[in-house]
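J.: Each chain, written out:
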Amino acid sequence: MELNDSIGATEVTQNRRYSEAAEKYGFALERLGRAYEADPDKRRDLLQEIHFQLWRSLQRFDARCSIRTWVYRIAHNVAASHVIRERRTFSSLVSIEELERLPDNSRFAADDRLNLDRLAELIQKLKPLDRQVIVSYLEDMDAAAIGEITGLSPANVAMRVHRIKNILARRFHGGVGHAE
Amino acid sequence: MQNNLSGNDPRMVWQSQPREISTMTLEKMIRRRAQELHAKTVRERLGSVAGPVSVIAFSALGIAVGYNPVQRAVFAIAIGWSLAGAYVLNRGMWQGRLAEDAALATGLEFCRREIERGIYIQRRFLLWVFAPIVLAIGALVVPQVGSGFGSGGTIAKMSPFLTLFALWMIGVFVIRRMRSKQLQREIEELNDIESENRS
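Taken in sequence, the protein lines are chains D and A.
Numbers 1 to 180, taken from this note's numbering, label the letters of the first sequence in order.
Numbers 1001 to 1199, taken from this note's numbering, label the letters of the second sequence in order.
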C-alpha cells in the first residue's frame, strides 16, 4: 500500500515537472526541432520523442543541474541521436570551421520566413555538437550555460560563438560587423 | 506570415518563428508514443534478424538436400555463425536505446557514445551478418563451380549470378568501410575538441 502510494506520488511529481517544463520550454523545443529536422512530419515525430524522453527522464530529476540544462540536454541528445541515425553514408555534415569556408551568395531577405528558412538550412548543415552551440546562442544563452549543456570548456564555447557570429554576420548582414 | 518584423538580427528571426500548434495532451502523447515505440521495436527486431533468418533457412535447405558432407558442414557452420551474430548484434543495438542517464550526459559525451555505438555495429555487421551470408552462398556455389570446372558450361550458366554476387560483396564492403572511416574521423574530431577543452 505504502509502495503504491509512493509510486503514485512519484508519478504525480513527474507529471507536474513535465507540465511545468513543457509550459516553459515548449516553444524553445519546437525551435530546436527545426534546427535538427527539415521535414515537417519527421520534425513532429522528433518533437514527440523529445517530449516523451523528457517526461520519462523527469522521474529521475535530482536538481544536480538546473531544469533548463536538464531539458536542453535531453532535447539536444534525442535530436543528435536522430541526426546520427537518419544520416546516410554519402551525406556529410560540416563543422563550424568548415561552414565558415563555404561560399554563400544569398543576402538577407525582406521576409522573416525566408530568413528563418535560410537560417534553419544553415544550422541543418552542421554536426550535432556545433548545432547545439548555435541553437543555444540563438536562444540567447551565455557561454556558461552553453558549456553546461554541451560539455565544452568556456574558451571553446567562446571560440565557437565568435565563429558563429562571423558566419551569421557575413550571411545576414552582408559581411558588416557581428550579429549582435 | 510575418513580414520583416525582426530586423536583420538572426536571433530575433530565430526566436520569433511561428509556432506549430499541437493540441496533444500529456496522456495522449505518452499513450501514442508508447504504441509507436512498441511498433518500432518490433519492426527493428524483425529487420535485425532478417539476415540471420535468411541464412539459417537457406543453409537448413542446403543441409536437407545436399549430399556432400563438407558442404553440409559448411552450411552448419553458417547457421551457428548467424545465430551467434543475431545475438551479438541485437545486444549491441538494444544497449543503444536512449540511455536512462541521457540528461546527465553533456552533448560531447552523448555524441561520442552514439558514434562509438555506430562503429560497434558497423564492425560487427561485416563479421556477424555479411560473413555468414557469403559463407552460405559460397557453400552452394563452390561445389557447383568445382564440378563444372572441366566442362565450362556450368560456369557460363552461373556467371550472371556470380557477377552480381561479386558486385554485391564489393558494394557492401566498400560502403561499410567508408561509413566506418567516417565515424572514426568523427571520433578523432571529438578527441581534438576534448583536448582543446583541456588546454
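Just so you know, these hints were derived from the structure itself, not from any lab.
Bear in mind the structure is a predicted one, so any value in this text is a computation, not a measurement.
Treat each hint with caution, since some may be false.
[What the hints assert, rightly or not] Below, a list of computed lysine-lysine pairs in the DSSO-like style, where the Cα atoms sit at most 30 Å apart:
| hint | chain 1 | residue 1 | chain 2 | residue 2 |
| --- | --- | --- | --- | --- |
| 1 | A | K1028 | D | K42 |
| 2 | A | K1181 | D | K42 |
| 3 | D | K24 | D | K42 |
| 4 | D | K125 | D | K165 |
| 5 | D | K24 | A | K1028 |
| 6 | A | K1181 | D | K125 |
| 7 | D | K24 | D | K165 |
| 8 | D | K125 | D | K42 |
| 9 | D | K125 | D | K24 |
J.: Now look at each hint and say whether the structure bears it out.
T.: Here is how each hint holds up against the structure:
For the suggested pair K1028(A) and K42(D), the alpha carbons sit about 19 Å apart, so the restraint of at most 30 Å is met. For the given pair, K1181(A) sits about 28 Å from K42(D) by alpha-carbon distance, which is consistent with the 30 Å threshold. Distance check on the hinted pair: K24(D) and K42(D) sit about 23 Å apart at the alpha-carbon level, within 30 Å; holds. The suggested pairing of K125(D) with K165(D) holds, with an alpha-carbon distance near 16 Å, which does not exceed 30 Å.
Taking the CA atoms of K24(D) and K1028(A), the gap is near 20 Å; set against the 30 Å cutoff, the hint holds. In summary, the hint linking K1181(A) to K125(D) is supported, as the alpha carbons are separated by about 20 Å, within the 30 Å threshold. A threshold of 30 Å between alpha carbons decides the hint, and for K24(D) with K165(D) the separation of about 27 Å falls inside it, so the pair holds. Under the criterion of a C-alpha separation no larger than 30 Å, the hint pairing K125(D) with K42(D) is consistent with the structure, at around 17 Å.
The hinted pair formed by K125(D) and K24(D) meets the criterion: a straight-line CA distance of about 28 Å does not exceed 30 Å.
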